[in-house]
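For the protein sequence lines, the chains are A and B, in the order given. Residue numbers for the first sequence follow full-length UniProt numbering, beginning at 1 and rising by one. Residue numbers for the second sequence follow full-length UniProt numbering, beginning at 1 and rising by one.
A portion of the hints provided could be inaccurate.
[Said to hold, decoys possible] Partial list, computed: chain A residues near chain B (C-beta under 7 Å):
#, residue
1, D180
2, G189
3, N191
[As the list claims (entries may be wrong)] So, partial list: chain B residues that the calculated Cβ filter (under 10 Å) puts toward chain A:
#, residue
4, A79
5, R84
6, R90
7, I91
8, L92
9, A106
10, W113
11, Y143
12, G156
Simulated from the structure, these hints should not be mistaken for laboratory data. Each residue gets a CB set at the ideal place from its N, CA and C atoms; glycine is no exception.
This is what each chain is made of:
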Amino acid sequence: MKSAFVWVALVLVLAALAAAPFFMQAYGLGLLIGLMGYVTLASAWALFSGRTGYISLATVAFFGIGAYMVAAFNEVLPYPLVLVVAALAGLALALVVGLSTLRLAGVYFVIFTFGLAELVRQLVTWYEINVTGTLGRYIFMSLGPEHIYWQLLALAAATLFITWRIDRSRLGLALRVIADDEVVAAHLGINLARTKLALFALSSVIITLVGAVQAPRWTYIEPAIAFNPTVSFLTLVMALLGGASRLWGPVLGAVPLFLLFEWLSANFPNHYSILLGLLFIAIVFAVPKGIVALVETRFRTNERAFRPVAMEAEGKP
Amino acid sequence: MSATLLTLSSLSKRFGGLVAVNEVSFQVAAGEIVGLLGPNGSGKTTVLNMISGSLRPTAGSIDLAGARLSGLAAHRIAALGVARTFQLVRILPSLTVGENVLAALAFRSKPLWGREARDRADALLEEVGLAGRGEERAADLTYIDQKRMELARALGAEPRLLLLDEWLAGLNPAELRLGINLIAALREKGMTILLVEHVMEAVRALCGRAVVMNAGVRIAEGATADVLADAEVVRAYLGGADD
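Whole structure, please, built from the sequences with the hints as guidance.
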């Protein structure tokens, strides 16, 4: 009964969000598009990084590839096919990156993914200058903002649904075992490389699609815009704020932070980067496990649980 | 004598210049419990690590009922029917006790999932003396209970060969008695076990045969009582004038 109620509530929320463009001005809709984009990015990022503990800073590499595929193919292919091409490009990049890096552990993986995003940006820049001959590209498409918004809403809903399904599946359990102890995981018969690669690919394809769907909003793109590393950092900090290992964590982190960033960039354009950096530090210190875990801990303590709530194992063997 | 299950042939492991295991060969028959003994640093755990796939042998081979294990990744070896516990108990701390066992059921070669898996996990926990404690967090368990849970997890894989690495170490006398009975009960069910152990009481009670290593070399093999009386084995443990 309770789960039926939750499903009805979710469908109603989804319907209300889908109807939002009919009641909104251009500015409000633009804000919703950006918000829905980051909700999807943070959720897709957490689908891999939040569950395996492999912190990726390559978000913008996939996001940018998605945008560039649209810029490159929107005049030669029908739109659905452009999205397919973008998804395939993201998949190919994810497989190459995954096969070469998922053996790296901890901070080496973080650094590699950050370097990868820069590498992709430089490669695209080199290609545009030496082969295409111009640095920028124009994207002229007849898609209205409400269509972009609906696509992003559908992608966000699909991402959350997929995450929900995975968390309840054997794959979800495999990920939690891997995050706890890779040696034990291997000895239980879990194929570490295949599991991590599959999830990294899935997460990366969704991120690529976000870039592809949002691309027409820009009308003009160049590598510095499409591969702006701030996208990777914002995505990461949103997911961490909400709680990267929880289904709703990234959403709860993305909504307030996106609105805050909008407000900061409108009111403090010159100090935006400094404030952003301070905020990152504050979040990591104040809510290292995310809002969802924090609320749960408070809630359980208030209920006078039988045992003190042991925190997530910091000192794993 | 029943059929041979595990065969180690001239197994060696070198770490740089250090030879941890040097041309060790022995066999384990289906249904027997074999003790792998030796002083600290003699290479016992390294042998177990090579069998389970934690380490790759430098030379030699390991076969399980005709299948070559040496060179395979740990998850492939697990799928062929080898499960283990670890010298320093390795729990999955963020999972519940039940989920720790569920993880073994879900990823073995004939996976269990859902209702059936939960029932089986409960039964396994009962078998090792943790009945009804599946909802507790694994990190909150005491040391002995973590060891019990680790055994339930290894049994959940329904292995053809179970490797126990000092599973009885660190227990008090009453717990040791329980632990020995638990392993004896596994023998009654026909489980094949290779165990590394320092607790001689347990070795005498459980192991029909024993293999003794010292400084990476096999120095004795045979019926447990004979092996423990062997002059070279005594010298290896207690030290001798020629050492």
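Status of each hint after checking the structure:
Against a cut-off of 7 Å between C-beta atoms, the interface hint on A/D180 holds, since the closest Cβ of chain B lies about 4 Å away. For A/G189, the suggested interface contact is upheld, since its CB lies about 4 Å from the closest CB of chain B, less than 7 Å. A cut of 7 Å between beta carbons decides the hint on A/N191: the least distance to chain B is about 5 Å, and the hint holds. For the restraint placing B/A79 at the interface with chain A, the shortest Cβ-Cβ distance is roughly 5 Å, inside the 10 Å limit, so the hint holds.
Because the smallest distance between the Cβ of B/R84 and any Cβ of chain A comes to about 6 Å, under 10 Å, the interface hint for this residue holds. At about 5 Å, the closest approach between the beta carbon of B/R90 and any beta carbon in chain A falls short of 10 Å, and the interface hint on this residue holds. Using the Cβ-Cβ criterion of 10 Å, the hint placing B/I91 at the interface with chain A is satisfied: the shortest such distance is roughly 8 Å. Because the closest C-beta pair between B/L92 and chain A is about 4 Å apart, less than 10 Å, the hint holds.
Taking 10 Å as the C-beta cut-off, the interface hint given for B/A106 holds, the closest approach to chain A being about 5 Å. At a threshold of 10 Å, the smallest CB-CB gap from B/W113 to chain A is about 6 Å, leaving the interface hint in force. Below 10 Å, beta-carbon pairs count as interface contacts, and B/Y143 has none with chain A, the closest being about 13 Å; its hint is therefore violated. The beta carbon of B/G156 is positioned within 10 Å of a beta carbon in chain A (closest approach about 9 Å), and the interface hint is therefore held.
Violated hints amount to a single one, hint 11; each of the other numbered hints is respected by the structure.
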